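Novice: Chain by chain, the residues:
There are 2 protein chains.
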Amino acid sequence: MNPWESYLEVHRARSLAELEDFLRLPSVSSLPEHVDDVQRAAEWAAGRLVRAGMEHVEVFPTDGHPMVYGDWLHAGDAPTILMYGHVDVQPADPFELWVSPPFEPDIRDGRIYARGASDMKGNLLESVLGTEALLQTQGSLPVNVKFIFEAEEEIGSPHVPAFVAEHRSLLACDLAVSADGLQWGEDQPQVALGCRGLAGLQIDVRGANADLHSGLYGGAVPNPIHALAGILSSMHDPDGTVSIEGFYDGVVAVSDGERTAIAEIPFDEAAYRRSLGLAHLVGEPSYTPLERLWIRPTLEVNGIWGGFQGAGVKTVLPGEAHAKITCRLVAAQDPSRILELLTAHIERHAPDGVTVEVQPLPGLAQPYSIPRDHWGNQAADAVLTALYDKRPYYTRMGGTLPICGTFLSVLGAYTVGFGFALGDEQIHAPNEFLRLSSFDRGARAWAALLLELAERKGSTASSAISASGSGAVPG
Amino acid sequence: MNPWESYLEVHRARSLAELEDFLRLPSVSSLPEHVDDVQRAAEWAAGRLVRAGMEHVEVFPTDGHPMVYGDWLHAGDAPTILMYGHVDVQPADPFELWVSPPFEPDIRDGRIYARGASDMKGNLLESVLGTEALLQTQGSLPVNVKFIFEAEEEIGSPHVPAFVAEHRSLLACDLAVSADGLQWGEDQPQVALGCRGLAGLQIDVRGANADLHSGLYGGAVPNPIHALAGILSSMHDPDGTVSIEGFYDGVVAVSDGERTAIAEIPFDEAAYRRSLGLAHLVGEPSYTPLERLWIRPTLEVNGIWGGFQGAGVKTVLPGEAHAKITCRLVAAQDPSRILELLTAHIERHAPDGVTVEVQPLPGLAQPYSIPRDHWGNQAADAVLTALYDKRPYYTRMGGTLPICGTFLSVLGAYTVGFGFALGDEQIHAPNEFLRLSSFDRGARAWAALLLELAERKGSTASSAISASGSGAVPG
Numbered sequence: 344m345n346p347w348e349s350y351l352e353v354h355r356a357r358s359l360a361e362l363e364d365f366l367r368l369p370s371v372s373s374l375p376e377h378v379d380d381v382q383r384a385a386e387w388a389a390g391r392l393v394r395a396g397m398e399h400v401e402v403f404p405t406d407g408h409p410m411v412y413g414d415w416l417h418a419g420d421a422p423t424i425l426m427y428g429h430v431d432v433q434p435a436d437p438f439e440l441w442v443s444p445p446f447e448p449d450i451r452d453g454r455i456y457a458r459g460a461s462d463m464k465g466n467l468l469e470s471v472l473g474t475e476a477l478l479q480t481q482g483s484l485p486v487n488v489k490f491i492f493e494a495e496e497e498i499g500s501p502h503v504p505a506f507v508a509e510h511r512s513l514l515a516c517d518l519a520v521s522a523d524g525l526q527w528g529e530d531q532p533q534v535a536l537g538c539r540g541l542a543g544l545q546i547d548v549r550g551a552n553a554d555l556h557s558g559l560y561g562g563a564v565p566n567p568i569h570a571l572a573g574i575l576s577s578m579h580d581p582d583g584t585v586s587i588e589g590f591y592d593g594v595v596a597v598s599d600g601e602r603t604a605i606a607e608i609p610f611d612e613a614a615y616r617r618s619l620g621l622a623h624l625v626g627e628p629s630y631t632p633l634e635r636l637w638i639r640p641t642l643e644v645n646g647i648w649g650g651f652q653g654a655g656v657k658t659v660l661p662g663e664a665h666a667k668i669t670c671r672l673v674a675a676q677d678p679s680r681i682l683e684l685l686t687a688h689i690e691r692h693a694p695d696g697v698t699v700e701v702q703p704l705p706g707l708a709q710p711y712s713i714p715r716d717h718w719g720n721q722a723a724d725a726v727l728t729a730l731y732d733k734r735p736y737y738t739r740m741g742g743t744l745p746i747c748g749t750f751l752s753v754l755g756a757y758t759v760g761f762g763f764a765l766g767d768e769q770i771h772a773p774n775e776f777l778r779l780s781s782f783d784r785g786a787r788a789w790a791a792l793l794l795e796l797a798e799r800k801g802s803t804a805s806s807a808i809s810a811s812g813s814g815a816v817p818g
Numbered sequence: 344m345n346p347w348e349s350y351l352e353v354h355r356a357r358s359l360a361e362l363e364d365f366l367r368l369p370s371v372s373s374l375p376e377h378v379d380d381v382q383r384a385a386e387w388a389a390g391r392l393v394r395a396g397m398e399h400v401e402v403f404p405t406d407g408h409p410m411v412y413g414d415w416l417h418a419g420d421a422p423t424i425l426m427y428g429h430v431d432v433q434p435a436d437p438f439e440l441w442v443s444p445p446f447e448p449d450i451r452d453g454r455i456y457a458r459g460a461s462d463m464k465g466n467l468l469e470s471v472l473g474t475e476a477l478l479q480t481q482g483s484l485p486v487n488v489k490f491i492f493e494a495e496e497e498i499g500s501p502h503v504p505a506f507v508a509e510h511r512s513l514l515a516c517d518l519a520v521s522a523d524g525l526q527w528g529e530d531q532p533q534v535a536l537g538c539r540g541l542a543g544l545q546i547d548v549r550g551a552n553a554d555l556h557s558g559l560y561g562g563a564v565p566n567p568i569h570a571l572a573g574i575l576s577s578m579h580d581p582d583g584t585v586s587i588e589g590f591y592d593g594v595v596a597v598s599d600g601e602r603t604a605i606a607e608i609p610f611d612e613a614a615y616r617r618s619l620g621l622a623h624l625v626g627e628p629s630y631t632p633l634e635r636l637w638i639r640p641t642l643e644v645n646g647i648w649g650g651f652q653g654a655g656v657k658t659v660l661p662g663e664a665h666a667k668i669t670c671r672l673v674a675a676q677d678p679s680r681i682l683e684l685l686t687a688h689i690e691r692h693a694p695d696g697v698t699v700e701v702q703p704l705p706g707l708a709q710p711y712s713i714p715r716d717h718w719g720n721q722a723a724d725a726v727l728t729a730l731y732d733k734r735p736y737y738t739r740m741g742g743t744l745p746i747c748g749t750f751l752s753v754l755g756a757y758t759v760g761f762g763f764a765l766g767d768e769q770i771h772a773p774n775e776f777l778r779l780s781s782f783d784r785g786a787r788a789w790a791a792l793l794l795e796l797a798e799r800k801g802s803t804a805s806s807a808i809s810a811s812g813s814g815a816v817p818g
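Taken in sequence, the protein lines are chains R and E.
Following the working numbering, the numbering of the first sequence begins with 344 at its first residue and continues without gaps.
Following the working numbering, the numbering of the second sequence begins with 344 at its first residue and continues without gaps.
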């Protein structure tokens, strides 16, 4: 065991206690009553960076929640790595479904249960712990590091792009690494090559100026729910293809090589269906399920409402109906252009008698893609291969990490995903948890990654760990 | 002024105070917390029948809310008239929109404001007051009368058909007259020739066994909102015609004569649209708006819900989506058959990947129609013509009065509509009110109607008031 591994081992109880402290802060960014808690979480993370030996640590105010920065820049010509995470969490309701209270961390069967355990206070702390272990045991770091933690990720990071743009010198880097992410499985690592972008809007359909009696008015007065159903049902072909004119225009076809690589990733469709309680999957027929989830754009209605929703019968002819839609986008679809196409489609399909309005939703995000053989991926591949004794799958993510597009467009830096959460950890749901084994492994992985990155910049080799040695990260 | 008119005049203050007492009882039949208030309202009405001189007054329990009965059967061979009303009211929320509290009646500008004022505690009391005035001033009534008041009208009368069937001897009659209804306008009476029936169901669409992340699952996992939108949009042609196979099969065409009569009723479509804030009306192109509202069946989605309905964006791929649908039916559509057709249509249009279930909603009701020249209508026509100095319009009602179908099928008796509410009185809405002029006029009208009915049974004449004299009811 090398010194920084021993350091992590020796300090394990303290690290776990720190994670518990961090998880006790209900830093729910979407709820105004938690604005002070979000601030406290940012300050806690800043304090932890100071204790890890970071310099220039600062909590920057924004027009929304704060940003946390800290750096260590004494590695000379070595690459500069920007390490990203977020201190905010999703709301915890419904509270009654939690076995232990969401903001009172509870360790059961080798797992720590709390809102934010998996997404992503555990992951964030791993990146700090790994960095600290190297710095404290070696007296220096092999690369220059900058930490940037936001506190608005769970609400779509509304103030982050402007902050990054305003502080582009402060945040300048050769590579970003995001601690916010997953591995494929407990025994299988992955390198994610991209994520989908996002564009969303709300449709507001209005008919009469009040809810009316469906008997007295039904038959002559337009029903906004009928209109909305017609508009929504015009958006997909029966086979699941999106039928918005121009929707697929910007899509860059994924290479046969990558499609082959995706096809080689084991995917048990029957088990997947069973776990979701589904008899069939749906979607574009000429793509496999994983391709539909990763490399193809989608349009989903996230919510719909109008009229009477209670028990029994209420014969109302509603005055309005509403729906929220988000599209997941792939390179090189432009989110703003997609909103234009959607709006034009909705206007074309709005029937007489009702008014239809469209309002963009927050969270517009560019799709993001990193070349498979990027030196950052090579470093991650080497570390993960050593750590899991297995080559990572090269995957993509169906979800959206807006920060990746922001770092690429503003800082000119790609982002490598390097998170150790797992897909079954009840992220965004009651009883969220993190495996303590992942917490330990993540901290070791981050130390190994910094060592590996120091060797890789500019390299095109795809060999395994060199200077850091495969012994650095036990399989 | 004849004696019973004087009686009504002399007792006007008392009658109004009684109406206020009645309105203070929050007899909301749909809310469990008001079950005792509904009982109290039934008992109040029973007590009022006793004071009016009725006999055999009884509050019958049912498996739901109670029924109130009372009679006066000393008119020998004269016809027996069953007088119908309901003591329950709609919920009063949203409370904050009421100018005065809904269960604290407030008289402003010749109107009494309270939940139930117009629908229909005022109307109900008018029928009792008119009967009482005759009985107290003449010592007898010209017809046999039976009062039956229910307390479930606002929740679809679930226990009323069984009660009527069980008590068919008690309720046996030559004609029913319902106090629950409207006149055309303050200066224009109407005789309603029918109302539409009702059949409703809820559609429950389920996809995955939980709400999922739309980024991680969108594209391969079926979205129940998409499925529901497709099902709902398949139910109408673009021109508003219902496209459920077989939906119009049972419809009996309304005669040219009645269509001509409807066409003669003034209907200012532009004013109607303006009042509703609409640029266009919709519906079956070969029928006028009034025909679409009265003599044609409809299918309306009353409510829809699924997924995220809050502010901002939440990228959920929902596990379920729901809608409630009711159809208004005309003679001779059968509500149960319509539910079968709807269910078959929904099953045919349910896409792969989701499960679609259908549950019937309570409130199934037969459409109802009374011959225009029925002796009950002739009596109502005569009274209304004298009272308003204007011939009534012969209209229909787009809404549903399930009791009419029940009385016809179980008791073999038609029901004449004889209510004095007006369409602008905020029925089912905040600030419901009744004009005090309608309250006074209604009481006089009921006395005149009983006198007129005594003369009309078996008659085919269409002349105006005879024995009671046109002087009985000032124009």
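Please keep in mind that the hints were generated in silico from the structure rather than gathered at the bench.
Source: prediction; values computed, not measured.
In this text, a Cβ means the ideal position worked out from N, Cα and C, and glycines have one as well.
One should not assume that every hint holds.
[Stated by the list, open to error] Here are some chain E residues pointing at chain R (derived, C-beta under 7 Å):
#1 Asp406
#2 Gly482
#3 Pro485
#4 Ala551
#5 Gly593
#6 Val595
#7 Arg639
#8 Phe651
#9 Val701
[To be verified] A partial selection of chain E residues facing chain R, derived with a Cβ cut-off under 7 Å:
#10 Leu575
#11 Thr584
#12 Ser586
#13 Ile587
#14 Gly589
#15 Gly620
#16 His623
#17 Leu624
#18 Gly626
#19 Pro628
#20 Val644
#21 Ala654
#22 Pro703
#23 Leu704
Novice: Would you mind marking each hint as holding or not holding in the structure?
Specialist: How the hints compare with the structure:
A distance limit of 7 Å between C-beta atoms decides the matter here; for Asp406(E) the minimum to chain R is near 16 Å, and the interface restraint is violated. At its closest, the beta carbon of Gly482(E) sits 42 Å from a beta carbon of chain R; the interface hint therefore is violated under the 7 Å criterion. For the restraint placing Pro485(E) at the interface with chain R, the shortest Cβ-Cβ distance is roughly 34 Å, beyond the 7 Å limit, so the hint is violated. For Ala551(E), the suggested interface contact is upheld, since its CB lies about 4 Å from the closest CB of chain R, less than 7 Å.
At its closest, the beta carbon of Gly593(E) sits 17 Å from a beta carbon of chain R; the interface hint therefore is violated under the 7 Å criterion. A cut of 7 Å between beta carbons decides the hint on Val595(E): the least distance to chain R is about 17 Å, and the hint is violated. The beta carbon of Arg639(E) comes within 6 Å of a beta carbon in chain R, closer than 7 Å, and the hint placing it at the interface holds. Hint status for Phe651(E) relative to chain R: holds, with the closest Cβ pair at about 4 Å, below 7 Å.
Given the 7 Å rule on beta carbons, the hint for Val701(E) is violated: about 14 Å separates it from the nearest Cβ of chain R. Because the beta carbon of Leu575(E) sits about 4 Å from the nearest beta carbon in chain R, less than 7 Å, this interface hint is met. With a cut of 7 Å, the hint placing Thr584(E) at the interface with chain R is violated, because the nearest CB-to-CB distance is about 11 Å. Interface hint status for Ser586(E): violated, as the beta-carbon distance to the closest one in chain R is roughly 12 Å, over 7 Å.
For Ile587(E), the shortest C-beta to C-beta distance to chain R is roughly 13 Å, which exceeds 7 Å, and the interface hint is violated. Checking Gly589(E) against chain R: minimum C-beta separation of about 19 Å lies over 7 Å; hint violated. A cut of 7 Å between beta carbons decides the hint on Gly620(E): the least distance to chain R is about 3 Å, and the hint holds. For His623(E), the suggested interface contact is upheld, since its CB lies about 4 Å from the closest CB of chain R, less than 7 Å.
This hint holds: Leu624(E) has a C-beta 5 Å from the nearest C-beta of chain R, less than the 7 Å allowed. Annotation: Gly626(E) was flagged as interfacial toward chain R, and the flag holds, the nearest CB pair being 5 Å apart, inside 7 Å. The restraint placing Pro628(E) at the interface with chain R is violated, with a minimum CB-CB distance near 12 Å, outside the 7 Å limit. Given hint, Val644(E) at the interface with chain R, holds; its Cβ is 4 Å from that chain's nearest Cβ, closer than 7 Å.
Among the interface hints, the one on Ala654(E) is violated; its C-beta lies about 9 Å from the nearest C-beta in chain R, farther than the 7 Å criterion. Annotation: Pro703(E) was flagged as interfacial toward chain R, and the flag is violated, the nearest CB pair being 10 Å apart, outside 7 Å. Given the 7 Å rule on beta carbons, the hint for Leu704(E) holds: about 4 Å separates it from the nearest Cβ of chain R.
Comparing the model with each earlier hint shows violations of hints 1, 2, 3, 5, 6, 9, 11, 12, 13, 14, 19, 21 and 22; every other hint is respected.
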